[in-house]
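Trainee: Construct the complete structure from the given sequences, taking the supplied hints into account.
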Amino acid sequence: MDIKFIGWCNQANHDKVWGIGATDDNEFMTFWGRRGNKLQTNTKSMSGYDAYKLIDSKRKKGYQEFDKNELDKIHEDFRKQVFVVQLKG
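Numbering (the numbering used here), first residue to last: 29 to 117.
Take the hints with a grain of salt, since some may be wrong.
Beta-carbon label-pair distances, calculated as ranges [what the hints assert, rightly or not]: (1) A40 / S73: 29 to 39 Å; (2) S75 / A40: 17 to 27 Å; (3) N41 / S85: 32 to 42 Å; (4) A40 / G76: 24 to 34 Å; (5) N41 / S73: 31 to 41 Å; (6) S75 / N41: 29 to 39 Å; (7) N65 / G90: 31 to 41 Å; (8) D95 / D43: 24 to 34 Å; (9) S85 / A40: 14 to 24 Å; (10) G76 / N41: 14 to 24 Å; (11) F94 / K66: 17 to 27 Å.
When the alpha-carbon atoms are kept at most 20 Å apart in a straight line, the in silico SDA-like pairs for lysine to any residue are as follows [stated by the list, open to error]: (12) K86 / Q39; (13) K86 / E55; (14) K44 / W60; (15) K81 / D52; (16) K72 / F94; (17) K89 / N41; (18) K72 / D84; (19) K44 / S75; (20) K44 / D95; (21) K32 / D95; (22) K32 / N70; (23) K32 / Q92; (24) K72 / D95; (25) K44 / F33; (26) K72 / Q92; (27) K86 / C37; (28) K32 / K88; (29) K81 / W36; (30) K89 / D43; (31) K32 / S75; (32) K32 / L82; (33) K72 / N41; (34) K66 / K88; (35) K81 / N41; (36) K86 / G35; (37) K81 / D53; (38) K66 / N38.
Hints listed in this document are in silico derivations from the structure and should not be mistaken for laboratory results.
Given the structure is predicted, the values throughout are model-derived calculations rather than measurements.
Each residue gets a CB set at the ideal place from its N, CA and C atoms; glycine is no exception.
Mentor: Structure below.
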């Protein structure tokens, strides 16, 4: 999966992770959840333009992008949860 965005929102009582990655042509998988809990995922067809509009909407809601190499600091089971779901799909 080619991860396009991973954001972390840690405002007030929020401590959430949200992200999106391209899996195939016009297929994108989104993943979200509270930090430390099991992530939810959804895969759907959309254009790259629509994916970037979705990313922009998350930035406006307060999600700050972080370095993809630091995933385990934000959500320690991220790689296992997201990439295992992708392999099963």
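Trainee: Sort out which numbered hints this structure fails and list those numbers smallest first.
Mentor: 2, 3, 7, 8, 10, 16, 19, 24, 26, 33, 34, 35
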